[in-house]
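> Protein sequence lines, in the order shown, are assigned to chains A and B.
The opening position of the first sequence corresponds to residue 1 in full-length UniProt numbering, with each subsequent residue numbered one higher.
The opening position of the second sequence corresponds to residue 1 in full-length UniProt numbering, with each subsequent residue numbered one higher.
For the record, the hints were derived by calculation from the structure and aren't laboratory data.
Just to be clear, a hint being listed does not mean it is correct.
The list treats identical chains as one, so a pair stands whether inside a single copy or across any two.
Derived lysine-lysine pairs resembling DSSO-like cross-links, with alpha carbons at most 27 Å apart [to be verified]:
1) K243 with K233
2) K126 with K59
3) K308 with K59
4) K232 with K219
5) K263 with K219
6) K263 with K243
All values reported here derive from a predicted model rather than from experimental measurement.
Each chain is listed here by its residues.
There are 2 protein chains.
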Amino acid sequence: MNPAVFVDALQNELQHIQYGQNPLELYEPIRYIMNLGGKRMRPLMTLMSAYLFTDDWQKAIRPALAVEVFHNFTLMHDDIMDQAPLRRGQPTVHEKWNHNIAILSGDVMLVNAYQLLLDVEADKLKRVMNRFTRTAAEVCEGQQLDMNFETRWDVTEAEYIEMIRLKTSVLLGYALELGGLIAGVDDETTRHLYEGGMNIGIGFQLKDDLLDVYGDPVKFGKQVGGDIIANKKTFLLIEALEKADGALREELNDWLNQAEFDKAEKVQAVTAIYDRLGIRQSTEERINNYFDHGFTNFDQIRADPDRKNLLIQFARQLVERES
Amino acid sequence: MNPAVFVDALQNELQHIQYGQNPLELYEPIRYIMNLGGKRMRPLMTLMSAYLFTDDWQKAIRPALAVEVFHNFTLMHDDIMDQAPLRRGQPTVHEKWNHNIAILSGDVMLVNAYQLLLDVEADKLKRVMNRFTRTAAEVCEGQQLDMNFETRWDVTEAEYIEMIRLKTSVLLGYALELGGLIAGVDDETTRHLYEGGMNIGIGFQLKDDLLDVYGDPVKFGKQVGGDIIANKKTFLLIEALEKADGALREELNDWLNQAEFDKAEKVQAVTAIYDRLGIRQSTEERINNYFDHGFTNFDQIRADPDRKNLLIQFARQLVERES
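For reference, chain A alone in the conformation it holds in the complex (with noise of 0.2 Å):
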């Protein structure tokens, strides 16, 4: 099986969806921010979890989108409370419509989600739907703490942890355990499917932060070190900020305090900071430490080699890559 085979039912089953029709207004942001693309890695997760189980993997494809139409809601939500213009280089909802717009579009998306899951065999639905619901508020959860922890300075590394793996992790979790679910597999298999998500999830997200400071500039795609103009608290900050004292620590300070300065020299100076602290290889450790978690629970899945060869070579792409 070639993966493209399942990219390409997700995007026929996307163009025929009917989120619904009136008001307009209501609408067509949905149909505006699922049309701005995207990696479709929750879907198709979800997609090469049920063919671990079953040729039937078809009938996870509805269930696979009602993930990405919750993703893309959290998505359209999340840009109204951080104030973002853009979204994939876009206008983001509230900008093109308005706030109204955007939050009721969202309330509705989150309705859509539930009715796309609503099309798995109904002898499934309340696992289905008790886990989607939970992973849900969870998600939910792991937004409020990243807002949270923005007027914090004393957030821990175990914190921003549990922030990233419930605002995050835990959906892709969810992603691998649907197929799994839908396939009807046993609980300790929806366990390791589910774990193994989170895990490669935490993994993915930490990488996200490394690659801010750490990326190929040429191969990152966008600036690097913008984490670090913003003092945007990520793993090296907080890792930085437990880790420094003395001398360092007054100069991470006075960087984090400074309302003007040099871009470039406040990159490259918070940098070395990380480099005399050891940042980078610490960072690095704790994301192969749950990449190699979520591949140990691939590995305790009783399923074809061929087809779980697809699904870990999927999540390799996720391990390694450099934007």
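Based on the hints, put chain B in the right spot on chain A.
Then chain B, alone, in the frame of chain A:
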């Protein structure tokens, strides 16, 4: 059976619901808005409906509260959109906390509503969820229409009624339908329940518009004429705009366009225009029409007469309310 038994059962369960714990900022606003009170009309309707067909009406308690939590979620988000400072005499969530918290707490409330609904028996889940999801989308559609109407002066009666049907009445319909679905009644009966609730709901909402102008100031509890002062596009105003012509139309337009005016004078003048156009009578006719339809729907339901009488008495209170 005394209806107070249903009220007590709901209150008791409401005190025990765990919406969630961490982070506190996310879940505290849910407890706050749920504790502002209200008549708990919707969940009460679900319990009375279930009791029509089964002694085991207690199994409908948590699903009934799903409807109440959903309703309060819509209030939390509508209050942001309407920039409302107060809800039941207390600060709204976005005023007491902030906009972002009101958005995100609302989101997790919608998820909580689904969680409560998952309490229904597995073999009934798909229908219950399908109908809830359709209803939830319609409520959002109604809210969007309501916002659209704010800037339009050519809203027709039919459009207005469709808006209130979606925004408020379908949820009353669903509240009754849900009791039947949980009790496992046939499609014809659920249709009578749904349509009965919806028709009573439309009449109820139109009566709201009527009482605002023609309510007894002593019994009404709010300032009579509030809608006239605010130029609120009620059924009465839409009907008046459709019927008035010549000098009367000019006089009405003058009052609508006046930026500064004596409130009592405007209320008196616009009410006099309504009187001359026979708006009170035609609105009352329309209300009675919807109520009659609703009671005809109830007539067609086969159930124990004493139990049916409970529901009918409850609906009568809604019909005959003066505040």
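> State for each hint whether it applies.
Structure-based check of each hint:
Taking the closest pair of Cα atoms, K243 and K233 come within 27 Å of each other only inside a single copy of the chain (15 Å); across copies the shortest separation is 62 Å, beyond that limit. In this homomeric assembly, K126 and K59 come within 27 Å of each other (Cα to Cα) both inside a single copy, at 17 Å, and across copies, at 16 Å. Taking CA atoms no more than 27 Å apart as the test, K308 paired with K59 passes inside one copy only; the shortest distance there is 19 Å, against 43 Å between copies. Taking identical chains as interchangeable, the C-alpha atoms of K232 and K219 lie at most 27 Å apart only when both belong to the same chain, with a minimum of 22 Å there against 57 Å between chains.
Proximity of K263 to K219 under the C-alpha cut-off of 27 Å is restricted to the intra-copy arrangement: shortest distance 20 Å within a copy versus 66 Å between copies. In this homomeric assembly, K263 and K243 come within 27 Å of each other (Cα to Cα) only inside a single copy, at 24 Å, whereas the closest approach across copies is 66 Å.
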